[in-house]
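Order-wise, the sequence lines are chains A and B. First residue of the first sequence: 2, per the numbering used here; consecutive thereafter. First residue of the second sequence: 13, per the numbering used here; consecutive thereafter.
Some hints could be false.
Said to hold, decoys possible - Restricting the straight-line Cα-Cα distance to at most 30 Å, the calculated cross-link-like pairs of lysine-lysine (DSBU-like) are:
| id | chain 1 | residue 1 | chain 2 | residue 2 |
| --- | --- | --- | --- | --- |
| 1 | A | Lys-112 | B | Lys-83 |
| 2 | A | Lys-100 | B | Lys-95 |
| 3 | A | Lys-100 | B | Lys-83 |
| 4 | A | Lys-112 | A | Lys-62 |
| 5 | B | Lys-95 | A | Lys-50 |
| 6 | B | Lys-95 | A | Lys-112 |
| 7 | B | Lys-74 | A | Lys-100 |
| 8 | B | Lys-95 | A | Lys-62 |
| 9 | B | Lys-90 | A | Lys-100 |
In short, the hints are calculated from the structure, not lab data.
Listed below, chain by chain, are the residues.
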Amino acid sequence: AQSVTQPDIHITVSEGASLELRCNYSYGATPYLFWYVQSPGQGLQLLLKYFSGDTLVQGIKGFEAEFKRSQSSFNLRKPSVHWSDAAEYFCAVESGGNKLVFGAGTILRVKS
Amino acid sequence: EAGVAQSPRYKIIEKRQSVAFWCNPISGHATLYWYQQILGQGPKLLIQFQNNGVVDDSQLPKDRFSAERLKGVDSTLKIQPAKLEDSAVYLCASSVTYGYTFGSGTRLTVV
Chain A
2 AQSVTQPDIH ITVSEGASLE LRCNYSYGAT PYLFWYVQSP GQGLQLLLKY
52 FSGDTLVQGI KGFEAEFKRS QSSFNLRKPS VHWSDAAEYF CAVESGGNKL
102 VFGAGTILRV KS
Chain B
13 EAGVAQSPRY KIIEKRQSVA FWCNPISGHA TLYWYQQILG QGPKLLIQFQ
63 NNGVVDDSQL PKDRFSAERL KGVDSTLKIQ PAKLEDSAVY LCASSVTYGY
113 TFGSGTRLTV V
């Protein structure tokens, strides 16, 4: 079965520092991959998605992610974190049949 | 475009009571989903509709949960009777061709 692993439950970074959130997936075919962000009390907002083509994907709010098939990874990055980026981040894979399987999430804390 | 609308935003009930959640998807989105997000976990799919038909309800605890999507638009999710472990955020989403949009969710607390 398809699965997504986000190894880091919590990450704390200083404002202005770079960020990388890890995501590993298990999927037999070419995956469709997504990153979502969830602020407290809010729904999920799509940051970016990968279907095919260029393995470096640009998203909203200055985020990017790189698909690495050899490592089954789709890590999210941002060169300079802002305090407003503090939230929970979810990686997801489309599991066939047009539905998503999510990781457990990574909570990002930003310290000033 | 208007987003996915859900109500209520919050609900507190006692165990063994019943509760219902409502979702209005984005206009034209044929596929509608209900996800359950327990604190500290990622969302898990409960049920998927295509128009007004069920595509996947394999993870829906059918002894207590039910869902319908009449006329292929709005949907309701019901829990009867509720258990303590049903405390979670219930997210509705709709999609067209891998473009998923989520509502803000209903936070259910069962006491």
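When the structure is checked against the list of hints, which entries are broken? Sort them ascending.
1, 5, 6 and 8
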